[in-house]
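In case you want the letters, here they are:
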Amino acid sequence: MKIRCLLVLLFSATLVSSSFGEDVESRLKTLEDTTAKVTGLFGGSAMTNPYLSLIVNTFFYHSGLSQSELDSRTIPGFTNVPPGTRKGFNLESAELFLFAPVDPYLNLYANIPVTEEGVELEEAYFVTSSLPAGLQVKGGKFKSGFGRINGQHPHAWDFVDAPLNYRAFMGAEGMGGEKGIQVTWLPELPIYLQLGIEALQGENDLLFGPDAKDGPHAFTFFVKASVDFGDSSTVLFGPSYVAGKADISTIADGTTFRGDTDLFGFELVYKWKPSRGRGFVLQSEYLYRKQAGDLRTGDPADPASTLESLKRAQDGIYVQGLYQMDRWRIGARYDVLDPFKKDFILSGTQQDLGKQPWRATGALEFNPSEFTRVRLQYTRDESSRDGKADNELYLQMLLGIGAHAAHSF
Amino acid sequence: MRTTAIVLIALLLSAPSAFAKVKVVATLPWIGSIADEIGKEQVEIATLVKPNQDPHRVEARPSMILATRKADILMYNGLDLEIGYLPVLIESSRNPGIQPGKPGNFDCSHFVTALEKPVSVDRSMGDVHPLGNPHFHFSPARILSVAEGMAGALSVLDPSHADAYKTNLEAFREKVRAKQKEWSALPTKGRRFVAYHKLFEYLAADFGFTITAYVEPKPGIPPSAAYIERLIGTIRESRPNGILTTPIYGRKEVDFLAGKTGVRGIVIPHDVGATPGAQNWFTFMDQALSALVK
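If you're matching them up, the sequences are chains A and B in order. When we follow the working numbering, the leftmost residue of the first sequence carries the number 1, and every step to the right adds one. When we follow the working numbering, the leftmost residue of the second sequence carries the number 1, and every step to the right adds one.
No lab work stands behind these hints: they were computed from the structure. The beta-carbon is built from N, C-alpha and C at its ideal position, and this holds for glycine as well. Please note that a few of the clues may not be correct.
Here are the simulated SDA-like pairs of lysine to any residue, each with C-alpha atoms no more than 25 Å apart in a straight line [to be verified]:
1) K23/B to P132/A
2) K252/B to M325/A
3) K290/A to P368/A
Per the computed footprint, the stretches of chain A lying under chain B, defined by three or more beta-carbons under 8 Å from a beta-carbon of chain B, are [stated by the list, open to error]:
4) 94–107
5) 116–126
6) 273–281
7) 358–364
Here are the computed distance ranges between Cβ atoms for each label pair [to be verified]:
8) W185/A to A185/B: 54 to 64 Å
9) F89/A to M125/B: 29 to 39 Å
10) K189/B to T372/A: 55 to 65 Å
11) T372/A to S238/B: 29 to 39 Å
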């Protein structure tokens with residue numbers, strides 16, 4: 001849209017400079033009319049350009065720990081992957097989104113985050129628009145429909161970072177883009193009920209590992225149901241499940257694990273929007289992960305390396321609430337691991353991994369317009385069990401330009 | 001056996017039969033109201049946005065997806081007013097009949113000429129609609145064009161009732177003409193107003209009054225204290241006939257300005273159903289226009 005406008009402007013400017021004496025006004029008018037006639041689903045634009053938008057996610061980070069302590073900060077028994085945040089200024093990414101209908105049957109989306117490390121292809125997928133009976137197929141590389149935060153882009157999260165159970169079971173960005181195919185079905189029922197299945201390559205570093213098995217080996221199933229209570233309240237809930245083969249080295253440094261992964265989830269969202277400027281959202285997700293297989297400590301090629309059986313059955317939950325008042329929003333989140341189940345059974349023996357990991361977070365947001373968000377966030381982080389506790393402070397800025405992408409619920 | 005199954009499936013998947021009502025999903029209340037005038041007992045209308053909601057800031061609820069899933073025709077305002085939720089609704093509805101380009105995708109703005117189409121626009125100007133001011137439901141002439149479009153679209157989807165739609169359209173046209181006479185007789189011409197948001201431009205153009213200033217410094221951007229101070233000066237000096245706002249936003253600022261300047265604050269329903277008594281498009285227009293000249 002914007003690009004088109006710019007082009008028109010540039011073109012008009014050339015006209016103005018090159019054709020004195022001509023009726024520039026009327027020519028401008030004609031141009032304007034011809035461009036405005038070509039309107040599409042996502043707003044007025046031409047077919048030659050896909051809709052483009054760029055979202056910049058940048059923040060300042062301060063922690064009570066030193067950088068080297070941060071770089072080795074793990075969640076013992078869950079993951080050895082540190083959060084990867086630098087003290088001081090961070091540029092998370094500039095995310096490029098492209099989308100457009102391909103033809104009357106398919107829409108195409110691509111999400112290309114550009115970071116200082118390089119360019120990624122986080123997502124590139126098609127979605128069908130014209131299948132009968134409430135069916136929809138998505139294919140390519142996309143974010144799984146498992147759970148809630150998983151399907152959202154980091155800029156749409158309600159806090160700077162993902163909750164602990166996501167970090168512990170899927171990594172700091174959730175499952176991320178996975179290659180595969182998804183089929184969802186929305187039956188014609190009195191209430192909203194969406195059922196979905198996916199076959200995925202299964203490359204997540206914590207759940208599956210890139211070399212786990214010949215793909216596809218990860219399969220998901222999820223249900224999302226929703227009911228409205230009056231004009232202002234909506235509830236969305238449903239279970240999710242993913243199972244796959246694991247070949248991972250993220251349990252502890254110097255180890256590799258081979259086996260099977262099952263991850264269960266349950267999401268619950270309550271939204272209350274009584275009037276224009278005001279609103280409240282309560283959201284929670286419970287995750288339960290089972291892994292069973294063999295843990296090798298040391299280099300697999302080294303005969304001195306040891307092989308033990310490992311069974312992990314662990315869980316985690318977060319609860320967050322956000323209250324909006326005009327351009328301001330305040331939020332609080334509590335996330336904890338091992339709330340109900342903390343099996344880490346190595347060679348038949350339950351391991352004592354130390355204190356229960358938890359965090360508490362508060363955030364204050366100011367949204368000057370729909371396209372800018374400034375967020376101040378404080379986190380008390382006790383996620384490293386018997387390791388040091390941390391106090392973290394973020395000042396984040398999110399900015400979006402280009403096509404106006406519609407947000408899902 | 002197999003043929004029976006195929007026939008059954010075909011029946012299940014087929015378009016509504018001549019006996020079923022046409023399921024209309026309207027985004028905004030005024031669209032539902034016009035669809036009701038044209039469709040009458042042949043249609044069944046679901047309206048997605050409630051009258052107490054700001055049409056600029058609607059979030060897609062799953063129940064809206066479910067409603068669009070079942071729709072035979074989706075009717076929307078257009079001019080990007082629904083850009084924040086409609087594309088996701090259309091895609092998530094998994095309803096082939098309402099996809100862009102299909103007879104079940106009805107963009108009301110295709111039947112009107114928009115005002116204030118900017119030649120150049122960027123977001124430093126605030127929430128400016130690049131395709132023009134989208135609030136054309138205050139313009140009787142434009143509503144009549146939309147109604148004609150609706151009658152055509154409904155006849156395409158439901159040809160067996162084409163005559164009924166034509167009759168309803170004629171009745172609607174007559175009613176608008178009669179009302180138009182009544183409305184034009186109101187002394188709105190030459191009046192000057194200040195408005196909170198760029199919402200009443202079509203009303204001004206059709207009924208001969210002017211909007212001299214806005215309480216919002218830029219569309220969608222709330223005013224700062226300093227801006228309000230300056231506006232108080234302007235209003236005291238120019239003495240407009242009133243300060244216009246809606247029941248859902250701008251009330252606080254307009255009440256404050258009215259109190260400071262002695263110029264009357266006027267609450268105009270922004271859509272059908274937004275105030276008690278404005279239950280259809282005619283009574284909504286009655287209220288809007290009579291509020292101006294009270």
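How the hints compare with the structure:
1. K23/B to P132/A: Distance of about 17 Å is within 25 Å: holds.
2. K252/B to M325/A: holds (14 Å)
3. K290/A to P368/A: Not OK: K290/A and P368/A at ~44 Å, beyond 25 Å, violated.
4. 94–107: holds (count 3)
5. 116–126: Coverage by chain B is violated here, the residue count being 0 at a Cβ distance below 8 Å.
6. 273–281: With 4 residues closer than 8 Å to chain B, the segment 273–281 of chain A meets the three-residue bar; holds.
7. 358–364: violated (count 0)
8. W185/A to A185/B: 54 to 64 Å: With Cβ atoms ~57 Å apart, the hint holds.
9. F89/A to M125/B: 29 to 39 Å: holds (30 Å)
10. K189/B to T372/A: 55 to 65 Å: Since K189/B and T372/A have Cβ atoms about 42 Å apart, the given range 55 to 65 Å is violated.
11. T372/A to S238/B: 29 to 39 Å: The hinted range 29 to 39 Å holds for T372/A and S238/B, with Cβ atoms some 33 Å apart.
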